[in-house]
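Colleague: Residue strings, one per chain:
There are 2 protein chains.
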Amino acid sequence: MQTLHVDLGQRSYPIHIGPGLLNRPDLLLPHLSGRQAMVVTNETVGPLYLAPVRALLSDRTLEVVVLPDGERFKTIATTQTIFDQLLNARFGRTATLVAFGGGVVGDITGFAAACYQRGIDFVQIPTTLLAQVDSSVGGKTGVNHPQGKNMIGAFHQPRCVIADTDTLSTLPDRELAAGAAEIIKYGLIDDTAFFEWLEQNIDRLLARDPAALTWAIERACRNKAAVVARDEREQGTRALLNLGHTFGHAIEATTGYESWLHGEAVATGMLMAADLSERLGWLAPEATIRLRNLLQRARLPKSPPAGMSAADFSAKMAIDKKVTDGRLKLILLRGIGQGVISDSFDRTALESTLRHFTGTGP
Amino acid sequence: MQTLHVDLGQRSYPIHIGPGLLNRPDLLLPHLSGRQAMVVTNETVGPLYLAPVRALLSDRTLEVVVLPDGERFKTIATTQTIFDQLLNARFGRTATLVAFGGGVVGDITGFAAACYQRGIDFVQIPTTLLAQVDSSVGGKTGVNHPQGKNMIGAFHQPRCVIADTDTLSTLPDRELAAGAAEIIKYGLIDDTAFFEWLEQNIDRLLARDPAALTWAIERACRNKAAVVARDEREQGTRALLNLGHTFGHAIEATTGYESWLHGEAVATGMLMAADLSERLGWLAPEATIRLRNLLQRARLPKSPPAGMSAADFSAKMAIDKKVTDGRLKLILLRGIGQGVISDSFDRTALESTLRHFTGTGP
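First to last, the protein sequences are chains A and B. Here my numbering is used: the first residue of the first sequence is 298, the next is one more, and so on. Here my numbering is used: the first residue of the second sequence is 298, the next is one more, and so on.
Since the hints were derived computationally from the structure, they do not count as laboratory data. Any given hint could be a false lead.
Chain copies aren't distinguished; within one or between two, either way the pair holds.
To be verified - Listed next, the in silico SDA-like pairs over lysine to any residue satisfying Cα-Cα at most 20 Å (straight line):
{"id": "1", "residue 1": "Lys626", "residue 2": "Leu384"}
{"id": "2", "residue 1": "Lys626", "residue 2": "Ser330"}
{"id": "3", "residue 1": "Lys626", "residue 2": "Arg332"}
{"id": "4", "residue 1": "Lys599", "residue 2": "Glu472"}
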């Protein structure tokens, strides 16, 4: 097991990574301050892995909420079902929510914890690669709005994160690849050596080699934790973590958060960001090719869904959270391992990228 | 005009109190960091007072949301209408919400600001006495759940509070008295001199004497700001501000947040807390009589609604936010100006108080 510490003053917390952690009471129980615990999971993860977590909490007043599985349930309405059950069980301010599933479960559960009685504790036990490297670290919680992803939410840090790599054994290949997309993102932003390691080890990772998984998860979490510690509420450099996300969110919004996985949309978004960076003269063409090749080997999509137009992108990107007073901010690249935040790029270059990827232009 | 400063580090903000403040751009505009502003008001306040606020914001990208008036609209569903309009208008993270109305408008708007894109700025312009002395100060935001008041919410501090006493000229007498109940609360908790001033000046206050109003609002806000500065997130002494609220919330929940005003329920709740304190031997009978007389002069209710039973109270109080791991915490009195937080009172005394006030016991 590896343990990282996210340093956020009073809100600091540990991230434990490794196999067999679902059976470790010493990791979970010290973070439950009260007697009441509610595990929120979904209909896929619950049947597979809930038993050991239930056993750990057998001496607590325990409630379990099983949500339907899928991004389309990441809504205020689903959050309300958690509030209903918390109130039906008469849970108070010292209750702890345990998010047990992928990113959707984590985001909804964290948001419910942020709002229930103006904020109660929660713990993250992520069970997908994407959630283990990304959504469970950093305190971003929230739900989608029909007009945009994660538009409603809160910053609310977990008390601890327990990433048991054993739970990845049942993860579908496509979801594993989607998690790899976020891992690649950390290499692109500011860790050239990690990107190079991924170029050498992506096949081991996708074959679920336990050592490769643990190493990559730890490295990605360490990268993210460092960025979050510098800028918890995304006033500045934390925005780097959104590389590929503004393009990606437009894809997800257009496809109704259904047919594309988040990591798949981010993969294509990163390639679009690289393409734009290249058009701006900021990035060498070889870098874009290396990224394209790595995404190819991970069997990640490299272009938006057929039928999505440049106008679709423009419309969706205009309501992205990275818009400041009407001015779009994008994360672009000056090199592999050199992400930059920019709101002063040439808009005609962006138009060219959108037309190039959608086939709706010359 | 009087100006108080609430000291909360980076989240510090001013409270301006006095007449004619709705026309003062110098108070509002410095607190709007971006170009986009959305005023949230209701169908009662908007027609009376919106014009000057609209004029102040005429050079901004301005949106106005007019909510229906009433506590029953303080729901997640109403909050969603604000999210919808924010997204329709493509408002970003630098937008500012302006809560312009009573406590319901302030609580909903603050909660919407806390959650929209994980938190944007907001300003409070309270237009009722209750909101001016209480709900606009301290950063508590939220909405009701069918099973309990303010069960869903967030701590989110405003950028500034502008309390224009001119807006009280159209406030119904009953709402004025309800605001006076919260003012009396501040005297009871830890300001004996203020309680004595109220005993001498309650008639001037209810006659809307401008000097008396400004003095009392400033004193109440100063008291509240001091408590909040010591304990922003209600881990300890801030709970004192809930004097009368646990009993009061039970009344409001039982009557469907409709027929009783919040301040009216708190008035009866404070008297019940005094009665319980007296039964415990903590409070002299004369103190309860003084409180009863003051509530009487303010024409505030001194007993729960007919038909409400001791069992109704017990059931509603069991899901109050002041319940810790199943243990009820109440704010009680050791004297006028001496509020105390207790979870170790004699439960049979509580039963006696409930039976005494509901007429459902011997």
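Colleague: Evaluate each hint against the coordinates.
Modeller: Do the hints match the structure? See the list:
1. Lys626 / Leu384: This pair counts as between: shortest inter-copy Cα distance 18 Å, intra-copy 41 Å.
2. Lys626 / Ser330: between (41 Å within a copy, 17 Å between copies)
3. Lys626 / Arg332: Answer is between: at 17 Å across copies they meet the 20 Å cutoff, but 45 Å inside does not.
4. Lys599 / Glu472: Result: close within a single copy only, 16 Å intra versus 62 Å inter.
In terms of the numbered hints stated before, the structure departs from none.
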